[in-house]
Each structure stands twice: as structure tokens, then as C-alpha cells.
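> If you want the building blocks of each chain, they are given just below.
2 protein chains.
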Amino acid sequence: MSDETASRPGTRRGPYAKSAHRRAEIVASATSVFSTRGYRGGSLREIAKQLDLSLTTVVHHFPSKSALLVAVLESADSAHTDSFQVDSQKEGVAYAVLQYVRRNVDRPEMLRLLALMAAESSASDHPAHEWFRHRYELTIGMLAIAVRRDQEEGRISNARDSRGIAESLVALWDGLQLQWLIDPHRDIVATMTAALKDLLGPHALPDA
Amino acid sequence: MSDETASRPGTRRGPYAKSAHRRAEIVASATSVFSTRGYRGGSLREIAKQLDLSLTTVVHHFPSKSALLVAVLESADSAHTDSFQVDSQKEGVAYAVLQYVRRNVDRPEMLRLLALMAAESSASDHPAHEWFRHRYELTIGMLAIAVRRDQEEGRISNARDSRGIAESLVALWDGLQLQWLIDPHRDIVATMTAALKDLLGPHALPDA
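Those protein sequence lines, which keep their order, are chains A and B.
Sequential numbering of the first sequence, starting at 1, is according to UniProt numbering.
Sequential numbering of the second sequence, starting at 1, is according to UniProt numbering.
This is chain A alone, in the form it adopts within the complex (with noise of 0.2 Å):
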């Protein structure tokens, strides 16, 4: 993608603009390097070198390579929280998690880095790990508050703990989306459809 501003500097926008357009740059390059290398794997010099920048360069945007992992993480994860919180309230859980997923099928590379720095931060002396951390509470506690409309709503049995299910709901997903990273062959739409089913019973989904 060319940037226009970025090639006119006499204009006000144009060195944010510029910094803006060479920091996207950056994390798409550190995006590559950590999904392949991990974070611990991958350095700034390889990530600079990648995009024929010096060190210097890259270090002036992001002063260390945690600075940089957190931007890597936010961009793979802008994960259309709203969009989540819109359908779940106009479909139910399940439907919201079948759109997050049909939304994201299209990004293996992404999803890998994500599950490969998620198992990697596990480790409690990780940069990323408290990131991770909260990551996994914030999403669970908004799944949970989806489960207990849901339940109100009559789509999900009310014997059923929210905290749990939504627990359970992540825990699918992480699980079934690293199977087909493993072997893309499989239907991973489909496969979800049908755990969903399994997990939160015959009412959950809208009828198709």
C-alpha cells in the first residue's frame, strides 16, 4: 500500500503520517518474524532487516522488542469486540462465536501467531504474559455475561454454571482452530457448528 501523505513532507499530516504508515510497517514485519520464530526466537535486527531499515530505525519506533510484541499482539487481536457484543445480543453466544470465527478463517497466520506467543506467555516471566492474562479474564467475563443473557433468554438451561460454559466456549475454540492450523483440511465452520450444538444444547443456535 503506497501512502500518499507520506510523499508529500511539506504537508502538516505528512511526517505523522509517514511515522504512522513505517510503524505499520514494522509490526507486519514482527508479525511475520514472531509467528515463525516466536518471540524469544525472533530479534529487531532480522525484523529490520526484513524491510532494509537500520536497527536504529525500528528502535526509534518501538524501544524494545516487548514494546513491539504488544503492538504485534493488538494488531492480530483487534478482534471485533463490538461485532461480538452486537450479535450476541441480537443471536445468542453461539451465533456470536460462529461469526468471530467465520470472521477469521481467513487469517491462519494470525491465529497461529496468537496461539504460539499464548503458549509461549504461559510462562510466568514472559513479557507478554500478564497481556495474556488478561486477555483470557476479559474475554471469558464477557462470554460469561452472554451465557447469562442467553439463559434468561430461554437459548441456554439456567442449571448451568455461566462462568464454566464460557470457560469451556474459549477453551473449544483455542482447541478445534489449533487442530485445524494442524490440518487445514478440516471444516473448521462446521466443526465448531456442531460443538456448539454439543455444548450448550438444542437451543443455543438460531435456526438456519
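If you are wondering where the hints come from, they were derived from the structure by calculation, not from laboratory data.
These figures come from a predicted structure and were not determined experimentally.
Some clues are possibly wrong.
Intra- or inter-copy, both count: the list cannot distinguish identical chains.
[To be verified] 30 Å max Cα-Cα, derived DSSO-like pairs, lysine-lysine:
| hint | residue 1 | residue 2 |
| --- | --- | --- |
| 1 | Lys49 | Lys197 |
| 2 | Lys18 | Lys49 |
| 3 | Lys18 | Lys197 |
| 4 | Lys197 | Lys65 |
| 5 | Lys90 | Lys197 |
| 6 | Lys65 | Lys90 |
| 7 | Lys18 | Lys65 |
| 8 | Lys65 | Lys49 |
| 9 | Lys18 | Lys90 |
| 10 | Lys49 | Lys90 |
Position chain B against the provided structure of chain A, taking the given hints into account.
Relative to the frame of chain A, chain B by itself:
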């Protein structure tokens, strides 16, 4: 662990025992290096250094990093398959899965390694790609057979697809395990018990 036969080079079994001991040492060191830095981030040099061995000695036992990785995975995955078969024949698949979880809660580092390697190896050019693809196929196939037996014996509804349930069981365990690795304060056995009841219905687990 000391190796007595290794200290008696005059005996017949000496060199073999010594070699087996050295191999086990190298596998243990590689397990720790790969589980921290990933496969791509780890190096034979680092593994040798950790043991105060020369690189040549390591290469004598494992000619390549990928040969060493396979040895590490085989050792991490000594997954008590036999116990699983016995448990599931006796008390059903849900009970067998819970016993498997119980046997694994005291080895989080090993689980972290397997989770990290599974994510990393989902890229089709990874040296452990085929190993994991095969491992998942085998595990899901074994679980599907156990689910079918439970269906015949009335523990799980016959209306359900055994292969789909097997995939969901593996996914639940991978996903809940990841949540537990990220936040070890959770009670993974209690969480898994609840999830199994949710997924498989009220008759899947024997009465406690």
C-alpha cells in the same frame, strides 16, 4: 540420577548404559531449552553448553536438531496411552480423560512444551509438523472408539457423532490446559470435570 553401570566401563553393558544415560541427559536439557525458546529459537550449542558438553558429543547422539526434537516429543508424550485404554474400558471415556488430566497436573513444564511445539509446528514446513498431525489423528481416533463404546453402554447419547465428540474432547483439554498454564491458580481437574459433564451429559461420569 547416577548411572552405576556407566562407572564400570569394563562390563559388557557399560558403554550402552552410558550412552543411554547421556542421551537422556541431552533430551532433558533440550526439553528445557525448547520449552523456553521454542524449537526455532533453541540451538544445539545452547543445549550442549547447559550440560558442559561439546557440540560434537551432542551431534554424535543426535545428528540434527530435528532428530533431537522428535526424541523430546516422544519423551514428553509418553502419554500413558495404555492406562487410558484400561480406564476408558472400565469407567468410560470421561473418567479416562480425567485420570489423564490428574496424571498431568504435576508436569506443567512438559505441557507447556507440547503446547508451544503444537502451535509452532502447525506451520507445514516445521520439522515436527507430521509428528503432530499424526499424534492428533491417533488421539482423536482412539477417543472416538472409546466414545462409541460409551454410546453402546448407555453413558453417552447415541444421537451424537462420536468423531465430533472426540475432536471436542481433545480441544477442551488443549484449551483448558492453556488457560491453566496461563493462570495456574485455577483448579484444572474441577474445571475439566464440569466441562465433561456439560459436553457429554449427566451419565458420562461414574457416580463419585
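> State for each hint whether it applies.
Taking the hints in turn, this is what the structure says about them:
no.: 1; hint: Lys49 / Lys197; verdict: neither (48 Å within a copy, 52 Å between copies)
no.: 2; hint: Lys18 / Lys49; verdict: within (19 Å within a copy, 45 Å between copies)
no.: 3; hint: Lys18 / Lys197; verdict: neither (48 Å within a copy, 55 Å between copies)
no.: 4; hint: Lys197 / Lys65; verdict: neither (42 Å within a copy, 43 Å between copies)
no.: 5; hint: Lys90 / Lys197; verdict: both (18 Å within a copy, 28 Å between copies)
no.: 6; hint: Lys65 / Lys90; verdict: neither (41 Å within a copy, 52 Å between copies)
no.: 7; hint: Lys18 / Lys65; verdict: within (21 Å within a copy, 42 Å between copies)
no.: 8; hint: Lys65 / Lys49; verdict: both (15 Å within a copy, 25 Å between copies)
no.: 9; hint: Lys18 / Lys90; verdict: neither (40 Å within a copy, 66 Å between copies)
no.: 10; hint: Lys49 / Lys90; verdict: neither (47 Å within a copy, 58 Å between copies)
The structure does not agree with the numbered hints 1, 3, 4, 6, 9, 10 stated previously, though it agrees with the rest.
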